[in-house]
Amino acid sequence: MAQISEVGLVLKEHTNRKQYRLYRGIYSVTILFAFIVILRRTVYLIIAVRRHDSSVEVSCLL
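Here the sequence shown stands for residues 1 to 62, numbered as in UniProt numbering.
Since the hints were made in silico from the structure, they are not lab data. Computed from a prediction, not measured in an experiment: that's the story for all the values here. Backbone N, C-alpha and C define an ideal beta-carbon position, used for all residues, glycine too. Errors might be hidden in some of the hints.
To be verified - Okay, the calculated beta carbon distance ranges per label pair:
#, residue 1, residue 2, range
1, K18, H52, 51 to 59 angstroms
2, R51, Y20, 43 to 51 angstroms
3, R50, R17, 43 to 51 angstroms
4, R21, R41, 29 to 37 angstroms
Input sequences plus hints: build the corresponding full structure.
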């Protein structure tokens with residue numbers, strides 16, 4: 001009985017580790033994606049301001 005519960009515990013720990021890796025991967029990809037989006041918007045905003053475009057276009061980017 002003790003051996004069975006020990007094996008179950010090891011399996012549970014293994015799946016937890018896999019899930020943790022998966023979640024960490026998803027989390028880092030999400031952060032990276034958000035960072036790229038923010039960076040792109042910032043660049044577009046800087047370009048719009050440099051060109052002295054109308055404030056309507058600038059507000060659309062925000």
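Hint-by-hint comparison with the structure:
1. K18 <-> H52: 51 to 59 angstroms: holds (53 angstroms)
2. R51 <-> Y20: 43 to 51 angstroms: holds (47 angstroms)
3. R50 <-> R17: 43 to 51 angstroms: holds (49 angstroms)
4. R21 <-> R41: 29 to 37 angstroms: Holds, since R21 and R41 (Cβ atoms, about 31 angstroms apart) stay within the stated range.
The structure fails none of the hints (numbered hints given earlier).
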